[in-house]
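Undergrad: Okay, here's what each chain looks like letter by letter:
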Amino acid sequence: KAGVTQTPRYLIKTRGQQVTLSCSPISGHRSVSWYQQTPGQGLQFLFEYFSETQRNKGNFPGRFSGRQFSNSRSEMNVSTLELGDSALYLCASRRVDGGNEQFFGPGTRLTVL
Amino acid sequence: AQSVTQLGSHVSVSEGALVLLRCNYSSSVPPYLFWYVQYPNQGLQLLLKYTSAATLVKGINGFEAEFKKSETSFHLTKPSAHMSDAAEYFCAVSDNTDKLIFGTGTRLQVFP
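Chains as they are written, first to last, in the numbering used here: chain A, 1 to 113; chain B, 1 to 112.
Next comes chain A alone, as it looks inside the complex (with noise of 0.2 Å):
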C-alpha cells in the first residue's frame, strides 16, 4: 500500500506571493492533518479534515487555509507569503474507522525568499 504522498516536495517562492500544497492520504484513509516544522516552533498542527470538513484548526492566521476533496485528497494554501512561513509542512493521514495513529508523508519544503 502507497504511504502518504506530497507534492511539491521543494518550493521556492518569494514575499507576498502565495503557494498550494498538496496531499494525497493513504489509500482508505479519510482524514487529513497539516503541520508545519520551523527550527524555531517546532512541530506545528495547522489543521485536520475529514468528509470535505474541517474539524480542527491550529492557531494559525487566516492566510493559512486548506480544503478536502471527495477523495480525501487534501491541498492547503498560504497567502501573502512572509519570511516566517519558510518550514516543512508535513501532511498526515489516519483510518478514523479504527486506530488513532497518524502517517506523515515526506513534507514540502517552503522558502520564502
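Take the hints with a grain of salt, since some may be wrong.
[Unchecked claim] Derived pair list, reagent style EDC-like, types lysine to aspartate or glutamate, alpha-carbon separation capped at 20 Å:
| id | chain 1 | residue 1 | chain 2 | residue 2 |
| --- | --- | --- | --- | --- |
| 1 | B | K99 | A | E101 |
| 2 | B | K49 | B | D85 |
| 3 | B | K49 | A | E101 |
| 4 | B | K69 | B | D95 |
| 5 | A | K1 | A | E101 |
| 6 | A | K57 | A | E75 |
| 7 | B | K99 | A | E75 |
| 8 | A | K13 | A | E75 |
| 9 | B | K49 | B | E64 |
| 10 | A | K13 | A | E52 |
| 11 | A | K13 | A | E82 |
| 12 | B | K49 | A | D97 |
| 13 | B | K49 | B | E71 |
| 14 | A | K57 | B | D95 |
| 15 | B | K68 | B | D95 |
| 16 | B | K58 | A | E101 |
| 17 | A | K1 | A | D97 |
| 18 | B | K49 | B | E66 |
| 19 | B | K49 | B | D95 |
| 20 | B | K49 | B | E15 |
| 21 | B | K99 | A | D97 |
| 22 | B | K49 | B | E88 |
| 23 | B | K99 | A | E82 |
[Claimed, not checked] To spell it out: a stretch of chain B is covered by chain A in this simulated footprint if at least three of its residues, at any positions, have a beta carbon under 8 Å from a beta carbon of chain A; those stretches are:
| id | stretch |
| --- | --- |
| 24 | 46-59 |
| 25 | 65-74 |
The hints are simulated quantities; they were obtained by calculation from the structure and are not laboratory data.
From the three backbone atoms N, C-alpha and C, an ideal C-beta is built for every residue, glycine too.
Fit chain B to the known structure of chain A by using the hints.
TA: Okay, now just chain B, sitting in the frame of chain A:
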C-alpha cells in the same frame, strides 16, 4: 491543555549502549501517546503508540516505551543502539482528536 516535555535536546550514546529518551506529558484526559522518528530530509515515522491497552509498548526497530501514569512519563528505550538509530525523535500526545501536540524533539547521535 495538553503538553509534552522532552528532556535533553541532544543525546549521545556509543553503538551497543542503552538508549533512553525522556518524555513527560500533561493531559487533562486519558492521553494517547506516540513516539515518532525523523531522519534527515524525511517525514515522521511512527515508532510506537500507547492507547491504554498495555503500559509497556513495543515498537519497531527494537524500541519500546513504558507509560507511567504516576510519573506522567512515556520514556523511549532501546537496549542496544545501532548507527542507523541516529535521527531526531519526537514524543507526541493526543486526546483522540487529530491534533497531535509534539515535544521539541531529541537528536540522537550514535558513536562507533
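Undergrad: Can you confirm whether the C-alpha distance between K1 (chain A) and E101 (chain A) stays at or below 20 Å?
TA: holds (16 Å)
Undergrad: Are K49 (chain B) and D85 (chain B) close enough, with their CA atoms no more than 20 Å apart?
TA: holds (18 Å)
Undergrad: Is the Cα-Cα distance between K68 (chain B) and D95 (chain B) 20 Å or less?
TA: holds (17 Å)
Undergrad: Under a C-beta cut-off of less than 8 Å, do 3 or more residues of the stretch 65-74 of chain B approach chain A closely enough to confirm the stated coverage?
TA: With 0 residues in contact (Cβ-Cβ under 8 Å with chain A), the coverage given for the stretch 65-74 of chain B is violated.
Undergrad: For the pair supplied as a hint, K49 (chain B) and E64 (chain B), is the alpha-carbon distance within the 20 Å limit?
TA: Distance of about 9 Å is within 20 Å: holds.
Undergrad: For a C-alpha distance cap of 20 Å, please report whether K99 (chain B) and E101 (chain A) respect it.
TA: holds (11 Å)
Undergrad: Are K49 (chain B) and E15 (chain B) close enough, with their CA atoms no more than 20 Å apart?
TA: Cα-Cα ~25 Å, so violated.
Undergrad: Holds or violated: K99 (chain B) and E82 (chain A), Cα atoms, limit 20 Å.
TA: violated (25 Å)
Undergrad: Would you check the hint for K49 (chain B) and E88 (chain B), treating anything up to 20 Å between C-alpha atoms as holding?
TA: Measuring from Cα to Cα gives roughly 17 Å; hence the hint holds.
Undergrad: Are there three or more residues in the stretch 46-59 of chain B whose C-beta lies closer than 8 Å to some C-beta of chain A?
TA: holds (count 3)
Undergrad: Decide if the proposed pair is consistent with the structure: K49 (chain B) and E71 (chain B), CA atoms, cutoff 20 Å inclusive.
TA: holds (18 Å)
Undergrad: Take the C-alpha atoms of K99 (chain B) and D97 (chain A), compute the straight-line distance between them, and say whether it is at most 20 Å.
TA: holds (16 Å)
Hint compliance for this structure: hints 10, 20, 23, 25 are not met, and every other hint is.
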